[in-house]
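Residue numbers (the numbering used here), protein chains in the order written: chain A, 1 to 181; chain B, 1 to 93; chain C, 1 to 208; chain D, 1 to 195.
Mixed in with the good hints, there may be bad ones.
To be verified - Reference listing, derived: stretches of chain B covered by chain D, where coverage requires no fewer than 3 residues with Cβ under 8 Å from a Cβ of chain D: (1) 6-14; (2) 22-30; (3) 56-67.
To be verified - With a straight-line cut-off of 16 Å between C-alpha atoms, the simulated EDC-like cross-links for lysine to aspartate or glutamate are: (4) C:99 to A:89; (5) A:38 to C:96; (6) D:127 to A:168; (7) C:91 to A:100; (8) A:92 to A:168; (9) C:68 to B:62; (10) C:99 to A:111; (11) D:94 to B:62; (12) C:198 to D:34; (13) D:169 to C:96; (14) B:73 to D:34; (15) B:37 to B:70.
These are computed hints drawn from the structure, not numbers from a lab.
Think of the CB as a built atom: it goes at the ideal place given N, C-alpha and C, for glycine as much as any other residue.
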Amino acid sequence: MKQSFKMIFSLCLIAVISAVILAKVYMITQPAIIANEKRATENAIYKVVSTATSYKESKSGQTDIFKCYDENNKFCGLAFVAEGVGYQDLIKVMVGVSTDFNKILAIEVIENSETPGLGNRIVTPWFENQFQNLSLQNKITVVKVAPSKDSEIQAITGATISSQAVVDIINNKIEELKEYK
Amino acid sequence: MNIILLSAIVMIALAGILGAILSFAYSKLKVEEDPHKEQLLNLLPGANCGACGAASCADFADKLIKGEADIAKCSLSLRDENKVAKIKDLLKN
Amino acid sequence: MQRTNILFSDFIKGLWQQNPTFRLLIGMCPTLAVTSQVQNGLAMGLATAFTLLASSIIISIFRNFIPKEVRIPSYIVIIATFVTIVSLFLKANFPEVSKALGPYVPLIIVNCLILGRQEAFASKNPVQRSIADALGMGIGFTLSLMVLASVREVLGMGTLLGHQVIFGNFRPWVIMLTPPGAFLTLGLLLGLINIIDKAVKARREKKQ
Amino acid sequence: MVKELILVFIATVLVNNFVLKYFLGICPFLGVSDNLSSAISMGFATTFVMTITAPVAWLINNYILVKFGLPFLQYVCFIIVIASLVQFVEMVIKKFFPLLHQSMGIYLPLITTNCAILFMALQLVLKDYSLIKSMVFGFGSGIGFTFAITIMASIREELKFQDVPESLKGPGITLIIAGILALIFVGLGGLIQVK
């Protein structure tokens with residue numbers, strides 16, 4: 001009987017010590033972790049709505065929307081995160097749209113694990129800048145050649161699935177938010 | 001309740017239950033191991049990493065006794081010359 | 001004098017003679033996964049070395065108090081505690097490295113290298129020897145990760161630690177950044193090391 | 001719903017194969033794959049434990065960690081339960097099914113130091129799958145592991161009769177073959193897009 005008591009006691013002792021230490025470390029590092037995440041989203045917002053200097057967070061449906069205000073505190077745009085599955089795994093895109101919701105200001109791919117050298121070229125400025133001032137009247141479409149209409153973008157050679165994925169993610173999120181507007 | 005107390009309680013409960021299960025298992029489900037293999041197991045690293053091709057250290061010990069495997073394949077225990085020597089002479093008798 | 005050279009031999013063994021990655025072939029999961037960049041390889045190596053060192057010290061101190069039956073669960077809880085501390089530390093101070101290493105930081109817990117060391121060495125030897133051994137293995141592991149990572153980064157992206165290394169019209173071999181590249185590079189590296197090893201042995205015999 | 005499960009299963013076995021894409025379980029993959037029979041029983045033992053660990057990990061996460069708001073205990077809780085569970089199951093099998101223990105039970109202790117199991121448990125929490133989906137994901141990753149290790153074992157059995165360069169014998173040539181296998185599996189990428 002003494003043997004099994006010794007086993008349980010030592011396992012519990014180690015578990016308690018580790019729990020207390022981890023709780024302490026968690027409380028110390030938690031503020032820094034939250035600050036990091038907040039700074040990352042903030043950088044993306046200010047990159048996507050270039051004129052913004054401050055923003056207010058609000059909810060529409062389940063997605064949180066960032067209302068952006070420029071230096072003389074005028075409402076200058078909306079930013080939100082759209083996410084979906086790309087060629088390999090999750091893609092997250094921060095999208096900035098104009099106040100009347102009919103023009104994309106800019107986008108930034110904030111997270112992706114597409115194939116290096118091919119799919120992850122969706123992060124290059126060349127691809128992202130194509131979305132600037134793209135009209136949202138009709139759905140955005142991907143073309144292989146030079147875009148003709150104003151809601152078309154050119155796919156990256158060798159990474160059509162990833163390019164199409166980014167466009168679909170944005171379209172679906174815009175559709176979803178349009179109902180809530 | 002603050003986090004430290006809460007996590008301590010959760011861990012005590014978990015460790016307690018698992019400790020009880022293991023101690024119950026050790027007392028009720030004890031299967032006699034032949035002492036020869038028991039000594040060998042104490043000398044082997046016991047990390048069950050599978051690098052030697054055997055399923056686990058216990059399986060590797062069986063194979064050593066039956067002579068199907070040689071100690072050089074266990075990369076972890078190569079670290080300790082005197083241990084390897086001890087294993088070798090244990091296998092001889 | 002005799003005391004220190006045991007410690008020194010423990011330390012040196014981990015670096016080359018029994019290098020965990022190229023000689024003992026353990027701890028391969030993170031080795032292949034995070035070595036597409038030298039920076040990530042270095043971070044993973046240091047994280048593993050810290051966990052190995054810290055848990056070796058604790059385990060070799062308490063090696064007589066932990067009953068044999070619950071040996072593995074208790075060692076694993078100690079190792080998991082240190083890995084969680086490292087993971088929280090990385091998330092707080094180096095967010096991009098933590099994102100780059102991603103799911104492979106918690107895998108240090110089940111890294112065959114660490115549990116193998118605790119079982120084989122730390123739980124049976126005094127603290128000083130465990131520290132020397134842990135340092136040797138940790139640094140050996142980090143060095144081998146960086147060797148593999150530099151090969152893959154230079155060929156895969158033409159850069160080393162972020163700085164452009166190869167100029168002119170060098171088209172980087174993108175395969176080096178993908179899983180096949182990792183397997184092939186490590187396989188060929190093992191072959192290369194065996195060749196070097198045989199050459200060194202041959203020269204030593206000739207000298208005698 | 002069933003369509004989704006099948007998609008997750010195929011994606012885990014072929015597209016996101018645990019060994020050839022996420023480099024998991026390499027230690028046993030290199031060690032145990034030199035003969036076919038031990039590779040197959042190793043694969044099924046891993047699948048068996050992964051299918052048990054998936055629901056257990058899901059329950060621990062949802063009913064203990066999320067409910068009490070203790071995300072930092074995730075690694076410690078998962079690993080202590082996996083280690084103790086494996087030790088207990090191995091003793092039960094050794095006691096009551098000695099035959100089964102001979103063929104499959106001996107692989108159980110290997111599971112605690114197998115990266116694939118912990119990675120799978122953490123992934124199904126990260127992607128917050130439902131309980132059934134987690135079990136399918138666990139089972140799929142086990143089958144993926146078995147699939148990869150069986151192919152490798154059959155190749156290595158043939159390899160014994162080929163003349164491999166002296167320096168590459170053993171792990172070197174295995175890694176190169178694994179590289180070529182991974183190349184084939186990259187071709188399967190993009191087959192299915194699943195979260």
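Hint check results:
Counting residues of the segment 6-14 of chain B whose C-beta sits closer than 8 Å to any C-beta of chain D gives 5, which meets the bar of three, so the coverage hint holds. A stretch counts as covered by a chain when three or more of its residues have a beta carbon under 8 Å from one of that chain; for the segment 22-30 of chain B and chain D the count is 4, and the coverage holds. Only residues whose C-beta sits within less than 8 Å of a C-beta in chain D count toward coverage, and the segment 56-67 of chain B has 4 of them, enough to reach three; the restraint holds. Simply put, residue 99 (chain C) and residue 89 (chain A) have alpha-carbon atoms about 15 Å apart, close enough for the 16 Å limit, and the pair holds.
With a CA separation close to 14 Å, the supplied pair residue 38 (chain A) and residue 96 (chain C) stays within the 16 Å bound. Of the supplied pair hints, the one linking residue 127 (chain D) and residue 168 (chain A) is violated, its CA atoms being roughly 20 Å apart against a limit of 16 Å. Distance hint between residue 91 (chain C) and residue 100 (chain A) is unfulfilled; the C-alpha atoms sit about 38 Å from each other, more than 16 Å. Taking the CA atoms of residue 92 (chain A) and residue 168 (chain A), the gap is about 12 Å. The hint holds against a cut of 16 Å.
Between residue 68 (chain C) and residue 62 (chain B) the alpha-carbon distance is near 20 Å, which puts this suggested pair outside the 16 Å criterion. A hinted pair counts as satisfied when its Cα atoms are at most 16 Å apart, and residue 99 (chain C) with residue 111 (chain A) qualifies at roughly 10 Å. With a CA separation close to 15 Å, the supplied pair residue 94 (chain D) and residue 62 (chain B) stays within the 16 Å bound. Of the pairs offered as hints, the one joining residue 198 (chain C) and residue 34 (chain D) is violated, with about 25 Å between alpha carbons and a cut-off of 16 Å exceeded.
Between residue 169 (chain D) and residue 96 (chain C) the alpha-carbon distance is near 39 Å, which puts this suggested pair outside the 16 Å criterion. A C-alpha spacing of about 13 Å is found between residue 73 (chain B) and residue 34 (chain D), which places the hinted pair at or below 16 Å, so the restraint holds. Under the criterion of a C-alpha separation no larger than 16 Å, the hint pairing residue 37 (chain B) with residue 70 (chain B) is consistent with the structure, at around 15 Å.
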